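From first to last, the protein sequence lines are chains B and P.
FYI, in the numbering used here the residues of the first sequence are 1 to 244.
FYI, in the numbering used here the residues of the second sequence are 1001 to 1118.
Note that these hints are calculated values from the structure, not bench results.
There could be a bad hint or two in this list.
What the hints assert, rightly or not - Straight-line alpha carbon distances no greater than 27 Å define the calculated DSS-like cross-link-like pairs of lysine-lysine that follow:
(1) B/K94 with P/K1106
(2) P/K1106 with B/K182
(3) B/K182 with B/K94
As the list claims (entries may be wrong) - Quick list of simulated restraints, FRET-style, between CB atoms:
(4) P/L1009 with B/L101: 33 to 39 Å
(5) B/L17 with P/T1006: 24 to 30 Å
(6) P/L1088 with B/D179: 21 to 27 Å
(7) P/L1088 with B/A13: 37 to 43 Å
In this text the structure is predicted, and so the values were computed from the model without any measurement.
Backbone N, C-alpha and C fix where the C-beta goes; we use that ideal spot for every residue, glycine too.
Spelled out from the first residue to the last, the chains are:
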Amino acid sequence: MTAELSQIWVYLAASPLLGLTVTLLAYQGAFWIYQRSGNNPLANPVLIAVTALVLFLTATGTTYETYFAGAQFVHFLLGPATLALAIPLYTQFKRVRAMLLPVLAGLLAGSLTAIVSAVLIGRLFGASQSTQLSLAPKSVTTPIAMGIAERIGGIPSLTAVLVIVTGILGALGARYVFDAMKLHDPAIRGFAIGIASHGIGTARAFQVNEQTGAFAALAMGLNGALTAMLVPALAHWLSPLIGH
Amino acid sequence: MLSALTQLLIFQLAGEVIVRGLALPVPGPVLGMLLLFSALILRGGPGKELQTTGSTLLQHLSLLFVPAGTGIMVHLHRVADEWLPLLLSLLISTAVTLVVTALVMKACQPRATTGEAP
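Kindly produce the complete structure, drawing on both the sequences and the hints.
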């Protein structure tokens, strides 16, 4: 019996089916907890699902590569989902056009701040050089950030994790920051969330309302494009500062 | 559902091909999104099907970050060694970025659309 069970496990562990199924299970369980908590941002479903999966994979001795062979089917949908962001963007287009100047100014200021402050603060507190480079694209969505990290000599999979944590921090903390600033405009709130914390912040913004979500989606898309150009250009300027 | 998904993939593919063909620094899906956005403006909006499929994908956007996020298990050592600079950098940089973006936008906002503070 035990032998049979372990044979089944050997099959499952090597099959993409397991990685895919546990990803969906972990997320749905996490989402259930999130809803039960009354959509408390501290019960962020990404955070809960990732914690559960890391514990499960460690406990069963499954490597990340084996897990990802299945989970990549979910990961792949990030591309089409990025494309789908064009739809709420279109819906909000009139409002965006009326705010062209604030949108462009906010984009440039926010994008530069996100890159430079992450690297400099990391350096100030003693992060190693490759860690600093991995921090630079932390405010843009995972597939873009990983591409940037690879190009400038950071560690793409570390960047992926830093991006997720940044997204969770933004999704959790943004409302407190804005409330402290007495900032109520849903367009500005959404746009700033999208700049600072990409898709996870955007997902949270869509839960607040459609307009906040659309501006977050716009910011996330624009910042992805701008950061992809700024970081390689800034890498020259940042590298003497990075040292070590 | 199927034709909407096909449209999304075609625009993504177009984005990837152009980015590689012209060696642009922009990621393929981002260019694809801008192309789709332009198409929506020309077409006067997404059809019902694309609208529905798009909403479904975006509704579960959080799920799509789970596989990459689980990658933290590979870097537990580095994270354990450098957790303080990492945490401070992410925390402070995220907060500062939120504040700077919001303040700059507020300062540049045209007077007509400035929301009154309650």
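Outcome of the hint check:
With a C-alpha separation of about 18 Å, the suggested pairing of B/K94 with P/K1106 holds against the 27 Å cut-off. In summary, the hint linking P/K1106 to B/K182 is supported, as the alpha carbons are separated by about 12 Å, within the 27 Å threshold. Restraint check for B/K182 and B/K94: the C-alpha separation of about 25 Å stays at or below 27 Å, so the hint holds. At about 35 Å, the beta-carbon gap between P/L1009 and B/L101 stays in the expected band of 33 to 39 Å.
Between B/L17 and P/T1006 the beta carbons are some 25 Å apart, a value that agrees with the proposed interval 24 to 30 Å. A hinted range of 21 to 27 Å for the beta carbons of P/L1088 and B/D179 is consistent with their spacing of about 23 Å. At about 38 Å, the beta-carbon gap between P/L1088 and B/A13 stays in the expected band of 37 to 43 Å.
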